[in-house]
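Chemist: Residues per chain, in single letters:
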Amino acid sequence: MIEFFYWFLILFGVLFSLLRIILGPKIEDRVAALDGLNVMVSGIIVLLAFQFKNSIYLDVALVYAVLAFLETVIFSRILEKKKELK
Amino acid sequence: MNTAGYILITVGSIFFFIGGLGIFRMPDVFNRLQAGTKATTLGFMSLTIGVGLLNPTWLLKCIVIVVFIAFTNPISSSVLANAAYKRGVNPRQVKNDE
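Here the protein sequences come in this chain order: A and B. Heads up, the first sequence is in my numbering, so the first residue is 1 and it goes up one at a time. Heads up, the second sequence is in my numbering, so the first residue is 1 and it goes up one at a time.
Hints listed in this document are in silico derivations from the structure and should not be mistaken for laboratory results. Note that beta-carbon positions come from the ideal geometry of N, C-alpha and C, so glycine has one too.
Calculated cross-link-like contacts (lysine-lysine; reagent style DSS-like; alpha-carbon spacing at most 30 Å): (1) A:K26 <-> B:K95; (2) B:K86 <-> A:K26; (3) A:K26 <-> A:K82.
If you want a taste of the chain B side facing chain A, the calculated C-beta under 7 Å gives, among others: (4) Y6; (5) F16; (6) R32; (7) G36; (8) F44; (9) T48; (10) I65; (11) F68; (12) S76; (13) V79; (14) A83; (15) A84.
Sequences and hints are given; from them, build the entire structure.
Modeler: So, in structure tokens, the structure goes:
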């Protein structure tokens with residue numbers, strides 16, 4: 001019963017941040033929403049490890065967190081270099 | 001131990017919902033960054049510690065993931081805010097019309 005509650009809340013969090021990625025007015029808004037969404041997806045993978053009773057998903061979540069950090073840093077470096085991107 | 005794990009997971013999902021709502025509703029890039037980053041960091045910490053309490057053999061790996069997120073998520077948010085400021089994005093000004 002409680003599983004439906006927290007999956008429902010996480011669904012709405014992901015939905016709102018995806019909506020901001022789709023209709024964000026500038027590129028910085030999209031990258032900021034992507035930064036929030038990556039942490040949520042990493043939390044979803046940790047929760048899948050509990051749901052499937054399989055500890056290999058924790059390693060997947062750690063690697064996803066590393067790649068999400070690199071992604072945000074590289075995106076902001078590109079935004080800083082190329083000022084003509086909208 | 002079991003009840004505490006479920007309570008922590010529910011608190012984490014509530015913070016994920018608040019973070020998504022903050023990303024959607026805030027008017028500015030910097031407001032969106034702080035709402036999204038702070039709420040989702042606390043939600044991720046709470047959710048991962050809850051999963052670690054429900055399965056105590058995974059607790060060490062969960063703590064490693066939490067420490068990693070606690071180091072890297074503020075750094076990435078700060079770098080992105082710095083890039084947005086250098087590109088010339090102005091914070092939204094509130095107009096007083098009294």
